[in-house]
Amino acid sequence: MPLPMIEPVELEDFFLNLLSAAMIVLAGAGYAGLYAWGKLTRRPGFVISAYASYACLAGAVWVLAETSHFEDFWRVVAGLMLIGYFAAPLAIWRLCTATHAAEHSEHDRPNITP
Amino acid sequence: MSVGVLDSRNLNGGQKLAVKYFIVAMVLFVAQILFGLLAAVQFLAPGFLFETLDFSVNRMLHINAMIVWMLYGFIGAVYWFLEEESGVEIVGLKCGEIAFWVLTAAVGIVVLVYLFLQTGAGNDATRWLINEGREYIEAPRWADIGIVAVMLVFFYNAAGTFSKGRWSGVSGVLTLDLVALVGLYLTGMFYTTNVTVDHYWWWWVVHLWVEATWEVLVGCIMAWSLMKLLGARRRIVQTWLYIEVALMFGSGILGLGHHYFWIGTPEYWFPIGGFFSALEPIPLVAMVVHSIYDAGVHKFRSTNHPALGWVIAHTFGNFFGAGVWGFMHTLPQINLYTHGTQWTASHGHLSFFGAYATINIAFFYLAVQQWRGNVWMGANLADNGWKWKWSMALLNLGVIGMTVALLIAGYEQSFIERAIEGSTWSGYFAAQTHPWFTQAMFWRLIFGIVTAVGLVLLIWDLATIGARETRPALVIERPEEPGIKAAVVETA
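If you read the protein sequences in the order shown, they are chains A and B.
The opening residue of the first sequence carries number 1 in the numbering used here; numbering runs sequentially from there.
The opening residue of the second sequence carries number 1 in the numbering used here; numbering runs sequentially from there.
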């Protein structure tokens, strides 16, 4: 496979490119945070908002891919990024519940003394 | 135990040594801000202190003071919890004391050499005695060797103490991380006449210290402080420490590739650097989920509100500074324009402050609390705790303001110096003298002054908080680790 070349961002897309990169991380955190809060409080509104945040993330990835002239390998990177950001909060939520599960037993509670 | 009075009898051997590290860390923090302010003035008035205290010297002292005070803070934090975590007295405390004084004397000498000698003939004598000329790690070779020796003593003390006492997940990760910390610094001591080869190894120190070993070190310090501050369960913080280490190493090590884009290394670094840089924010996103889970499920309480406040500031600062500001310019398609501009400085200011300065400050508050006899530092502090709240607000506002100002300056540089003028010398000067750039630098100075005011308030608060307090903090003993006073909690 030939080495993937890069084509720099067009000057007029400069701001859009930076904004979309920032939005990827912010929307990624928004998706993760809203999903966790929605599951915690059992309020489906937050989970729906989480998926809306993920849609923003996907949009930002698309803008980033377009303005960065992603081809071949770079499109694969963008696809993996989308899959990774979708799966990570779900996996982390499962880890949270698993690691905290033992905590809910009575004998494991801390003993508070003056 | 005398509550409310600064008394070293309240501290164990490691904690007494840690306090010394913390004090020097604060002195260097002041130096960092002072030289940063001088450099900020010189951006606006290039003739200011010209040939007396040049910009290059101020900038170097600003950056190196930051690196060294953070290292002092980390070492101090580890010494602080070493005895409590291992259950035994520190092995080789005397060596640790000697290493502290040797390191402090060396730092003092290096600063004096930077201030008064500054330059040399550019031969081996200069490299060994004055300055190696490597950005961010300018220490002369003798000081390099000294740093490695001090870190080896530190490693011996940590590993030896845990070996004599008890091991835990935190201590295991910490000990292995210290091996990497010492080993990686050695990679920066290669000297070659080929600038590409030189930079290749140099980035191993600069990137992997910061984005791998320091992050893991902070993970250990954070894990321990969460147990102490909030009574978090050991098994939980350890599990998350392992996850964080795996994610951090998974993305951080090959994320090193984003530094190899433009230094003459092969083109395959473009996809490697781009891909793994895209993964680097994932550990930070993981922390978002975990912190929401913990906050929601446990409704944690803490008596050390200032420390908890700074831990929260750490979470946000790390996420925005390292995650958002980092990812914005690590793909090669955009990094072509932004590399080495004030973008880098913008990212650096928020990420170093957010990821490292904040957690050190949190630890200073933990230390002061214990030093004053485990004094009450929860709600209802004297004067309503206005000093710590204002210092925290001003320091964060100042750093965020500088970050945005530098972002604007970097944006202008990317356009004029890189995109329009094609990275020529004339392009560089056209950008540096452009009104957009100078106006942004003016605001950077203003917010630098705000930061300095916040720092003065922080020092005042650390020196006085809990001074007239008579209430002691309460203690939790946890069934999972009987006999270990794990945390203090607020009951009133």
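Just so you know, these hints were derived from the structure itself, not from any lab.
A couple of the hints might just be wrong.
[As the list claims (entries may be wrong)] Covered stretches of chain A (chain B as the covering partner; in silico rule of three or more C-beta atoms under 8 Å from a C-beta of chain B): (1) 19-31; (2) 43-55.
[What the hints assert, rightly or not] Far from chain B, some chain A residues (derived; all Cβ distances over 12 Å): (3) Ala58; (4) Gly59; (5) Trp62.
A virtual CB, placed ideally from N, CA and C, is assigned to each residue, including glycine.
Against the structure, the hints come out as follows:
Figure legend: the stretch 19-31 of chain A, annotated as covered by chain B; annotation consistent (7 residues with Cβ-Cβ distances under 8 Å, at least 3 required). Coverage of the stretch 43-55 of chain A by chain B is violated in this model, with 0 residues showing a Cβ closer than 8 Å to a Cβ of that chain against a need of three. The claim that Ala58 (chain A) is not at the interface with chain B holds, since no C-beta of that chain comes within 12 Å of its own (minimum 14 Å). No Cβ of chain B comes within 12 Å of the Cβ of Gly59 (chain A); the nearest lies about 16 Å off, and the non-interface call holds.
Against chain B, the non-interface label of Trp62 (chain A) holds: every CB pair exceeds 12 Å, the least being about 15 Å.
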